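Enquirer: Listed below are the residues making up each chain.
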Amino acid sequence: QQPVQSPQAVILREGEDAVINCSSSKALYSVHWYRQKHGEAPVFLMILLKGGEQMRHEKISASFNEKKQQSSLYLTASQLSYSGTYFCGTIGGSNYKLTFGKGTLLTVNP
Amino acid sequence: KAGVTQTPRYLIKTRGQQVTLSCSPISGHRSVSWYQQTPGQGLQFLFEYFSETQRNKGNFPGRFSGRQFSNSRSEMNVSTLELGDSALYLCASSLTEASKREFGPGTRLTVL
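First to last, the sequence lines map onto chains S and R. Numbering-wise (the working numbering), the first sequence opens with residue 270 and increments by one. Numbering-wise (the working numbering), the second sequence opens with residue 25 and increments by one.
One should not assume that every hint holds.
[Stated by the list, open to error] With a Cα cut of at most 35 Å, we get these calculated DSBU-like pairs of lysine-lysine:
{"id": "1", "chain 1": "S", "residue 1": "Lys295", "chain 2": "R", "residue 2": "Lys124"}
{"id": "2", "chain 1": "R", "residue 1": "Lys37", "chain 2": "S", "residue 2": "Lys336"}
{"id": "3", "chain 1": "S", "residue 1": "Lys328", "chain 2": "R", "residue 2": "Lys37"}
{"id": "4", "chain 1": "S", "residue 1": "Lys319", "chain 2": "R", "residue 2": "Lys37"}
{"id": "5", "chain 1": "S", "residue 1": "Lys328", "chain 2": "R", "residue 2": "Lys124"}
{"id": "6", "chain 1": "R", "residue 1": "Lys37", "chain 2": "S", "residue 2": "Lys295"}
{"id": "7", "chain 1": "S", "residue 1": "Lys319", "chain 2": "R", "residue 2": "Lys25"}
{"id": "8", "chain 1": "R", "residue 1": "Lys81", "chain 2": "S", "residue 2": "Lys366"}
{"id": "9", "chain 1": "R", "residue 1": "Lys25", "chain 2": "S", "residue 2": "Lys371"}
{"id": "10", "chain 1": "S", "residue 1": "Lys328", "chain 2": "R", "residue 2": "Lys25"}
{"id": "11", "chain 1": "S", "residue 1": "Lys337", "chain 2": "R", "residue 2": "Lys37"}
{"id": "12", "chain 1": "R", "residue 1": "Lys25", "chain 2": "S", "residue 2": "Lys337"}
{"id": "13", "chain 1": "R", "residue 1": "Lys25", "chain 2": "S", "residue 2": "Lys336"}
{"id": "14", "chain 1": "S", "residue 1": "Lys366", "chain 2": "R", "residue 2": "Lys25"}
If you're looking for bench data, these hints aren't it; they were derived computationally from the structure. Just so you know, these numbers come straight off a predicted model, no measurement behind them.
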C-alpha cells in the first residue's frame with residue numbers, strides 16, 4: 270500500500286527550514302528517502318530502519334516513529350540545491366517491495 | 025564505479041506495438057526493480073527480481089512482463105502498447121532486496 274506524503278508542495282526561501290512527513294497504514298521494516306531533480310533520476314538520501322537511530326545527510330535529517338508508522342524528513346537551513354521532489358519509500362510486510370509515496374515538491378528560492 | 029545504465033534512453037512507439045527496455049545494474053548488485061513514473065503519480069512499482077527470480081509484482085496488467093538474466097541484467101517488456109503507457113520507466117539496482125536503490129537515468133517511452 271502506497272505511503273502518504275505531506276505536504277504535496279512547499280516553497281521556501283533560502284535558509285528556512287521544512288519538514289516532510291510520510292505515513293503508512295501497515296507495519297514498516299524500513300523507510301527510504303530519495304530526492305529527484307527535474308529531468309534526473311531519484312537519488313538516495315537515507316534509510317531508517319525499525320529500531321534504528323535518526324539519520325542525517327548533510328543538513329538533512331530524518332526520524333522514524335515505529336509506533337505511528339511515520340517518518341519525517343527535516344531540512345535545516347535550506348539551500349538552493351535542496352530544490353526537487355522528495356519521495357519516501359516504505360518496506361513492510363512479508364516481502365521487501367519498496368513502495369513510494371507520490372512525492373513532495375520542494376522549491377527553494379533565493 | 026559505473027552506475028545503472030538503461031537503454032534506450034528515448035523511445036517512440038505506436039499503439040499496439042510492443043517494446044523491450046533494458047537495464048544493466050551496478051556490478052555486484054543482484055536485485056533489480058522497475059518503476060513507472062508519470063506526472064502526479066509518483067513512482068509506481070512494476071516488479072522486482074533477485075537472482076533471476078521475480079520476488080514482487082505491482083498492480084499492472086499482464087501486458088507488462090520482465091526477466092532477469094544470470095549476469096543480473098534485466099529487461100522489461102510491454103506488449104500491445106496503449107497511450108497510457110507513455111511514461112518514464114526507471115530501473116533501480118541494489119545489493120540486496122532491503123538495501124538502498126540506485127536508479128538509472130530511465131527510458132522515456134512515448135506511445136502515439
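Enquirer: Confirm or reject each hint.
Expert: These are the hints, each one checked on the structure:
{"no.": "1", "hint": "Lys295/S - Lys124/R", "result": "holds, 20 Å"}
{"no.": "2", "hint": "Lys37/R - Lys336/S", "result": "violated, 47 Å"}
{"no.": "3", "hint": "Lys328/S - Lys37/R", "result": "violated, 43 Å"}
{"no.": "4", "hint": "Lys319/S - Lys37/R", "result": "violated, 44 Å"}
{"no.": "5", "hint": "Lys328/S - Lys124/R", "result": "holds, 20 Å"}
{"no.": "6", "hint": "Lys37/R - Lys295/S", "result": "violated, 39 Å"}
{"no.": "7", "hint": "Lys319/S - Lys25/R", "result": "holds, 30 Å"}
{"no.": "8", "hint": "Lys81/R - Lys366/S", "result": "holds, 8 Å"}
{"no.": "9", "hint": "Lys25/R - Lys371/S", "result": "holds, 30 Å"}
{"no.": "10", "hint": "Lys328/S - Lys25/R", "result": "holds, 26 Å"}
{"no.": "11", "hint": "Lys337/S - Lys37/R", "result": "violated, 45 Å"}
{"no.": "12", "hint": "Lys25/R - Lys337/S", "result": "violated, 38 Å"}
{"no.": "13", "hint": "Lys25/R - Lys336/S", "result": "violated, 39 Å"}
{"no.": "14", "hint": "Lys366/S - Lys25/R", "result": "holds, 26 Å"}
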